[in-house]
Amino acid sequence: MNLSRISLVGGVAASTVLLLAGTASAHVSVQPQGEAAKGGYATVNFKVPNERDDASTVKLEVNFPTDHPLASVSPQPVAGWKIAVTKSKLAEPLDVHGKKINEAVSKVTWTADGKGIEPGFFQQFPLSVGQLPEDADQLVFKALQTYSNKEVVRWIEEPTEGGEEPESPAPVLALTAPAADAHGAAADEKSGETEKAKETTASSDDSSSSNSDSTARVLGIVGIVVGIAGVGFGVLAGRRRNA
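So that you can map any letter, position 196 of the sequence shown is 196 in the working numbering, and since no number is skipped, the others follow by simple counting.
These are calculated hints, taken from the structure and not from any lab test. These numbers were taken from a predicted model, which means no experiment stands behind them.
In silico lysine to aspartate or glutamate, DMTMM-like type, Cα no more than 20 angstroms apart, as pairs: (1) 150 with 113; (2) 47 with 118; (3) 107 with 67; (4) 89 with 67; (5) 47 with 61; (6) 115 with 61; (7) 99 with 134; (8) 142 with 165; (9) 38 with 134; (10) 115 with 51; (11) 142 with 51; (12) 82 with 61; (13) 47 with 158; (14) 47 with 165; (15) 150 with 118; (16) 142 with 164; (17) 87 with 67.
Computed Cβ-Cβ distance ranges for the label pairs, DEER-style: (18) 77 with 174: 19 to 29 angstroms; (19) 34 with 134: 16 to 26 angstroms; (20) 165 with 76: 20 to 30 angstroms; (21) 136 with 113: 30 to 40 angstroms; (22) 177 with 100: 19 to 29 angstroms; (23) 166 with 100: 35 to 45 angstroms; (24) 98 with 53: 45 to 55 angstroms; (25) 92 with 164: 26 to 36 angstroms; (26) 124 with 166: 20 to 30 angstroms; (27) 93 with 162: 30 to 40 angstroms.
Note that CB positions come from ideal geometry on N, CA and C, so glycine has one too.
Make a model of the complete structure from these sequences and hints.
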């Protein structure tokens, strides 16, 4: 086999790998803007690519996990799309900042009122969500993508333990370590550091005041001594002139 044939085969193989990789990764996914920390709030984007050449995506349904319900879900308006938020009763109420929550968002639906996502394009759908669970490493959102030709693609398969991506994977939001905020332990630590700093400053001020007082006393005594010496010198000088 000559070099030209080897190059041709290698090029075809590389193109096939890229094509397969692109096909495998072109699915509905979710990513946070910044981090999605356990116990906190986050803004996330559901990214929806159009995988069809002859149809547009006209609807997206995102189902929220029932094992870790989210009490607060606020969608950001998206031009050309109508948004519907569905809530459901909870089997057990949530305690959020001391308040009992009896229902949570179970689904958010975006429906195009225009052309939708045309072939060759993608769209992002932002949501503000929280309070994120503290006892989970990820949240799985099952999504349904509907095309203008009535085809429905179900992105509902959860990741496996082996780490292999399923054929129609559900969007997975990875959660990071808890963030230190004004309500956390880090705030208490900062408060303690602030108090220590205040105490140190106060101690330094007291020390400075004490040093200043001591210096003033020493200068005052020196002044008195100098004054007495001056008076004595004047008296002595007067007596000499009289003599």
